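J.: Sequence:
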Amino acid sequence: MTHPLFGIAAAFHEGKPAGITSVCSAHPVVIEAALRLAKETGRPALIEATCNQVNQEGGYTGMTPADFRVFVEKIADKVGLAKRQIILGGDHLGPNPWKDLPADEAMEKAEAMIAAFAAAGFTKLHLDTSMGCAGEPVALPDETTATRAARLAVAAEANRGAVDPVYVIGTEVPVPGGALEELDELAVTTPEAVSRTHSVHRDAFAAAGAQGAFARVVAMVVQPGVEFGHADVVHFEPEKARDLSASLAGLPGIVFEAHSTDYQTEAGLTALVRNGFAVLKVGPWLTFALREALYALDAVADVLEGHPPRGALMAAMEEVMRAAPNNWKKYYEGDETELWLQRHFSYSDRIRYYWPSPKAEEAVARLRARLDGKAIPEPVLSQYLPTVSAGGGAEEIMVAAVQNVLRMYERACAT
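In my numbering, the protein residues as written are 932 to 1346.
By construction, these hints were calculated from the structure, which means they are not laboratory data.
Just so it is clear, the structure is predicted and the values come from calculations on it, not from any experiment.
C-beta atoms are modelled at their ideal positions from N, C-alpha and C, and glycine is treated no differently.
One or more of the hints may lead you astray.
[As the list claims (entries may be wrong)] What follows is a set of in silico ranges between Cβ atoms, one per label pair, in the way DEER data are often shown:
1) Ala941 x Arg1241: 51 to 57 Å
2) Pro1310 x Val1001: 40 to 46 Å
3) Asp1035 x Ala1254: 32 to 38 Å
4) Lys1290 x Glu1267: 19 to 25 Å
Working from the sequences, and respecting the hints, build out all of it.
T.: This is the structure in structure tokens:
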């Protein structure tokens, strides 16, 4: 079986650019929205789990790679999507979850992690060994990064399944989940950096006896000049990435992977794909859209009960986040009002880490119960969810809100 990403890379080099959306989320509604859309379009659904989210120790979701596969496939069964239409990916696979340990220990754990991903049938593996571990500088030399990436590829190859995995490499990896400061503009990756990254990885894979794995490197992570902060977005400007895009001419069979494409315009997403940034990663925007829908549905429930919105769900989430601040406190700053706004409305969407908590799930369940069996009049839906035209209950509206974002990506990728 030929991996679908080979076709996307080949299409770009044949002058027929196309792309694929990489859905980076473990929220069941987000995954359902993505799988429903894949069923509708007939295109593959690429679902990725990050190293912190899912690993052999459970990650913050409590799921191993095998667990995550079962989780996604159960949703596929629910929506009636054939499992062969799903591509599972592992994102930022490397020592990051254990970077406070010495490098040898962290890399042993990273090897065990990527072996578990490969054994569970994940066939798109992003090798990210760019971070320093205990006693090392924050950023490592390219040669060290490449040597460690090759070591992980060897572990993955030894545990691969029926479909040979494809690999993504790259040392210029944006911060997962968005930037922590206000943004003006970003330094776009240079062609020289691309060439060097490719050559040092090629040499490191050869030294590790992993030439077969290197032949399946299908994408490189670069910075095309896109990012988002708490309340601002740096939008793609093709002219600033012209030289970067042109460098792909010397890399047959390879395209670029763009991280942090959340909140770009549809025109920007389309331009990214046309310029060779064929793998578009999106995550926080999807749960941001879901949170918007949930808060709007909470207001709708109040209105249908005959009183102004009282914000019960927002109040419940505020309580949940304040009780366990580790997922937002070091990312947000400012006075109490600014922190309040960031907790609920930041583009980085750190609130996404709290939806699986028991108290948050109970609050959402109460909201759904309040709306169960109630028809939402069109004028009320228009007031609070003007971009959602879905009929049905709360779940259909939540799925539609997420799909509004995914459909932008779908149109851009089909360019």
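J.: Can you tell me whether the CB distance of Ala941 to Arg1241 sits inside 51 to 57 Å?
T.: Cβ of Ala941 to Cβ of Arg1241: about 55 Å, so the range 51 to 57 Å holds.
J.: 40 to 46 Å was suggested as the range; check whether the CB atoms of Pro1310 and Val1001 agree with it.
T.: holds (42 Å)
J.: Look at the Cβ atoms of Asp1035 and Ala1254 and judge whether their distance stays inside 32 to 38 Å.
T.: holds (37 Å)
J.: Per the hint of 19 to 25 Å, is the separation of the Cβ atoms of Lys1290 and Glu1267 within bounds?
T.: Check passed, 22 Å falls within 19 to 25 Å.
Checked against the numbered hints listed earlier, the structure breaks none of them; every hint is satisfied.
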